[in-house]
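Spelled out from the first residue to the last, the chains are:
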Amino acid sequence: MTASDSAIVRRVLDGDTESFAVLVARHHAACVRLATHVLGTREDAEDAVQETFLRAYRHLVRYQERERFTGWLFRILVNQCRTTLARRRRGETHIIEGAPELASWDEDVAVWAERDEMLRTALERLHPLQREAVLLRFSADLSYEEMAAATGAGVSALKMRVKRACAQLRAMLGESIHA
Amino acid sequence: MPNERDELPRWMQSALREPIATRGDHVQEIMAVVRDMAEAEARVRRAWQRRVTRLRAIGLALVASAAGVAILLGSARAMWQSSLPQPLEASATFIGDSIDPALHDTFDLVRFALRTRGASRVVLAGDFNAWSTSATPLSRIAAPNAERWAAVVALRRHDRRFAFLVDGTRWVRAPRAAVHPEIPPASDASSSRDST
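Chains W and L are the protein sequences, given in the same order.
For the first sequence, my numbering assigns the number 1 to the initial residue and increments by one for each residue that follows.
For the second sequence, my numbering assigns the number 1 to the initial residue and increments by one for each residue that follows.
The hints are simulated quantities; they were obtained by calculation from the structure and are not laboratory data.
A portion of the hints provided could be inaccurate.
In silico DMTMM-like cross-links for lysine to aspartate or glutamate, where the CA-CA straight-line distance does not exceed 25 Å [claimed, not checked]:
1. 159(W) / 89(L)
2. 159(W) / 7(L)
3. 159(W) / 124(W)
4. 163(W) / 25(L)
5. 163(W) / 159(L)
Whenever a hint applies, use it, and build me the whole structure from the sequences.
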């Protein structure tokens, strides 16, 4: 029988450091996926995920079992991604190679054959909070309550962000492409 | 009410859930750092425990030293206090009558006693000896915890004022009820001098 996240957390807190590897293995892929979509590059995502797990380990005693471990972990990850994005805005400009200029998007959209690349670029163009919300909803598969805990925003605000993000993604990528 | 899942095209939802390829050793890399952190925390914990143990030992030593100092101070204070002449107990006990055939007078035999420490000479002075500071010395009697001085004096019944003089400098009131029990004690006004 597979041990629950909470049971593993208790083991780690009791001194069994190696049990933390189970948590890392279990949630690593989801964290990397979310961070990659938010940050745009795998390298930044891996750094953010590594820092997230280290913070989680360091503050594991603060985890309360009444919430899902995933929600608690994603809250750390979201904060880490926000820190990375803020660092970029302060001067370490990050340019996604191949991202088209917004003005030329509609004209060049046909050139972008790969859907994933188009999606990545479209996500990059969203407002950071909308991007974060839509990714937590559809990539991390969190409930709105878990999203609220992870982001600090209200449920209704998050619903609005997701709704607007979806509308913009549809507009940017075009209804015809997903047929 | 439209399903929220329909707001985002299915291919986008699928794309967002697709796994992202990462370095194969990324998980091991994370765990290596976690192990380092755990080891560092353990080292800090051990160092802290050693420090607490050391501080406890120092604290105990300080408490013991403080207790020793307190005991020494207490002893020194006790010694200093014991070095001072202190009247602990003064008494005058009526022993009985004595008739002097030559003087055709009756005397009260009264035993005066004073318990004190550190005194080298005690005398009894009063109306009966014209307040002489040398005529009626008390004898020293060894006592377990104090030095006791005593003298038996024959008093006329009107000799009702007296006092002890310790080491020639310190007057100590003698009990006024020392005289014959049938005679009332002297009033405060008549005995004011005995405590001079």
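Hints, one by one, checked against the model:
1. 159(W) / 89(L): It is violated: about 96 Å lies between the C-alpha atoms, which goes past 25 Å.
2. 159(W) / 7(L): holds (12 Å)
3. 159(W) / 124(W): Answer holds: residue 159(W) to residue 124(W) is near 20 Å, not above 25 Å.
4. 163(W) / 25(L): violated (37 Å)
5. 163(W) / 159(L): Not OK: residue 163(W) and residue 159(L) at ~119 Å, beyond 25 Å, violated.
Consistency note: the structure conflicts with the earlier hints numbered 1, 4 and 5.
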